[in-house]
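Chains as they are written, first to last, in my numbering: chain A, 1 to 142; chain B, 1 to 110.
To be clear, the hints were calculated from the coordinates, so they are not data collected in a lab. Keep in mind that the hints are not guaranteed to be accurate.
Taking beta-carbon pairs under 10 Å as the criterion, some of the chain A residues facing chain B (in silico) [as the list claims (entries may be wrong)]: (1) I17; (2) D42; (3) K44; (4) E49; (5) T101; (6) D103; (7) S105; (8) G106; (9) R108; (10) M111; (11) A114.
All C-beta atoms, glycine included, are put in the ideal place defined by N, C-alpha and C.
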Amino acid sequence: MRHAKNQMKLYLPSLSINEGLARNAVAMFIAQINPTIEEISDIKCAVSEAVTNSIVHGYKYSQGIVYIGVKYFSDRTIVIEIKDKGCGIENIEQAMTPLFTTDTSGERSGMGFAVMQTFMDKLDVISKIGSGVRVVMTKKLK
Amino acid sequence: MEKIKCIFENKVLTVRIIGDIDHHSARGVREKIDYIIFDKKPILVLLDLSAVEFMDSSGLGLILGRYTISKDIGADFKIIRPSSNVKRILDLAGIDRLMKIEGDDNNEAC
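Whenever a hint applies, use it, and build me the whole structure from the sequences.
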């Protein structure tokens with residue numbers, strides 16, 4: 001098992017105001033290894049999607065903690081883990097289908113996982129009903 | 001803090017969003033834009049995204065919702081001057097198949 005060159009952990013209450021804090025904190029951490037502007041933008045977007053999912057779908061606006069862990073390695077690979085202890089996802093395949101959303105207000109695009117998939121190199125979603133969701137995203141910087 | 005600036009001229013409503021668009025900010029922006037659309041009843045809505053540095057899929061939901069509302073009142077709807085970050089997520093979702101996107105931020109068309 002290789003060792004991370006550096007890592008950070010951030011635990012935040014599931015308040016929507018923390019979405020900006022989460023993505024900007026991760027971006028500042030990643031800035032240590034000089035990513036391109038495009039890479040920073042991709043990572044911010046992916047983090048924002050995962051954290052928003054935890055707040056909106058995992059905890060359904062109730063109180064909980066969103067766990068964010070970021071590591072980078074000497075080969076410039078970044079691993080981001082975003083976890084919640086919310087309700088979990090019943091059907092991951094369906095949730096990951098572009099445009100699929102359980103939201104009925106018509107204001108959610110259903111593109112969250114598609115964004116994570118497109119902007120990162122690898123996306124793993126692990127969930128157990130009633131115990132939460134763990135999203136692990138990997139990206140190798142240029 | 002996100003805010004919007006509106007210009008209403010010759011029945012054309014230009015809405016300029018300033019700041020990040022995410023799930024947190026989308027609600028306030030949405031309410032303000034909808035109020036103005038219903039109040040002014042424009043024939044064309046131009047959504048100016050040149051001052052939006054960051055947008056995630058909540059912004060896509062916001063755009064699609066405002067597009068639908070504009071169509072409902074018989075108004076045309078266009079996105080103008082998206083920044084390159086915003087343009088990439090619009091492209092990912094294929095927004096250009098549904099509505100016009102004019103003037104990239106780097107070639108001042110509007």
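Go through the numbered hints given earlier and state which of them the structure violates, listing their numbers in rising order.
No numbers; nothing is violated.
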